[in-house]
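> Construct the complete structure from the given sequences, taking the supplied hints into account.
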Amino acid sequence: MINKIFVTLVSFLFFFNLLNISYAVEPNEIMKNKDHEIRARNISKNVRCMICQNQSIDESNAPLAKDLRVLIRNEIKKGKSDDEIYFFLTERYGDFILLKPPLKLNTLALWFLPFVFLVVGVLILFFYNKKYRKV
Amino acid sequence: MVKQILIIPSIFFLIIVSIFFYLLIIDRNPSEIPSNLINKTIPFFETESLFKNKKFISSEEFGNEIVLVNFFATWCKPCRDEHGYIKKFQSKEKLRIIGINYKDDPEKANAWLKDLGNPYSDVPLDKNGRIAIDWGVYGIPETFVISSDGIIKYRHVGPITKKIYKKINLLIATLKLKK
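Residue numbers (this note's numbering), protein chains in the order written: chain A, 1 to 135; chain B, 136 to 314.
Quick caveat, the hints were computed from the structure, so don't treat them as lab data. Heads up, a few of these hints could be off.
So these bits of chain B aren't anywhere near chain A, every CB distance computed over 10 Å [said to hold, decoys possible]:
| # | residue |
| --- | --- |
| 1 | Ser170 |
| 2 | Phe179 |
| 3 | Gly198 |
Calculated pairs, DSS-like style, for lysine-lysine (alpha carbon to alpha carbon, straight line, at most 27 Å) [unchecked claim]:
| # | chain 1 | residue 1 | chain 2 | residue 2 |
| --- | --- | --- | --- | --- |
| 4 | B | Lys288 | B | Lys311 |
| 5 | B | Lys138 | A | Lys130 |
| 6 | B | Lys313 | A | Lys45 |
| 7 | B | Lys297 | B | Lys313 |
Partial chain B-side listing against chain A, Cβ under 7 Å, derived [as the list claims (entries may be wrong)]:
| # | residue |
| --- | --- |
| 8 | Ile168 |
| 9 | Asn171 |
| 10 | Gly264 |
Just so it is clear, CB atoms sit at the ideal spot from N, CA and C, and this is done for glycine as well.
Here it is in structure tokens:
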């Protein structure tokens, strides 16, 4: 009995969770070529919706997000590579359109400062403890 | 000695607080994104024109004088709000203004301009929003200042206000001085 309840509960949660995955791709946008569609979805997940700003265009219902999803699919159909598509987008909207900031000279601090802080923190702890033991 | 070390975190904390406070009080809009097209030549486009029976070809229209490019639509309320300033740019500052009609119905655009007045020297139609993507537009109205050599000098997202009107005029005055 408990087993059965457990299975229904898990399957219910699983089902609910499946429905809960948020994406905004509309049926008529989906490409016939499965590999192409996977590539398009993958790119869309890394591209910021400029209107909502904390969502990817894959999740956003904004009209511009839809336009960009369609545009990405058209570019894939034309035979463009992923890098070419990212370049196309950043050329127009800047690096901000990428959800993950690229590693560049002006983003070095953004990428490596956390590690610097970590090392500094460990060093402070180390010397603090050393002194404390002496006292 | 230990007590002295404890002062360091509080100084650090004060610095962080003052940085946050500074960012809070200065006049800035964190959701406004600088254009990636500043100091670049305008993107090429070719489309139908609202008034004229010939095609609008961007390479023929820019590069002689300072031009204002304004993305607008009749369904956009802030566009209506800023229209007075767009008209002022034309009547008072004698600027050439090109209004790109974004995802709109040409008939409605015609009626809208008849009703509110037409400051635009030409209205190219961007029916599916593809031109706007090439300009990096993400929220209309957007206004661009194009120098006399066809280079984008400034982009403003959102309606023109009194402050922005002054800012653009100042920029245009300096652009004219440089020439």
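> Hints first: check each against the structure and report whether it holds.
Checked hints:
Under the 10 Å C-beta cut-off, the non-interface status given to Ser170 of chain B relative to chain A is violated; the minimum distance is some 7 Å. The non-interface label for Phe179 of chain B is consistent with chain A: the shortest C-beta to C-beta separation is roughly 13 Å, beyond 10 Å. Under the 10 Å C-beta cut-off, the non-interface status given to Gly198 of chain B relative to chain A holds; the minimum distance is some 21 Å. Distance restraint check for Lys288 of chain B and Lys311 of chain B: the Cα-Cα separation of roughly 12 Å lies within the 27 Å cut-off, and the hinted pair is therefore satisfied.
For a cut-off of 27 Å, the pair hint linking Lys138 of chain B to Lys130 of chain A stands: about 15 Å separates their Cα positions. The suggested pairing of Lys313 of chain B with Lys45 of chain A is violated, with an alpha-carbon distance near 44 Å, which exceeds 27 Å. Taken as a hint, the Lys297 of chain B and Lys313 of chain B pair is honoured in the structure, with Cα atoms around 25 Å apart against an allowance of 27 Å. Interface hint at Ile168 of chain B: satisfied, since its Cβ lies 5 Å from the closest Cβ of chain A, which is below the 7 Å cut-off.
Taken as an interface hint, Asn171 of chain B checks out: its beta carbon lies about 4 Å from the nearest beta carbon of chain A, inside 7 Å. Interface restraint check for Gly264 of chain B: the shortest CB-CB distance to chain A comes to about 5 Å, inside 7 Å, so the restraint holds.
Of the numbered hints listed earlier, those contradicted by the structure are 1, 6.
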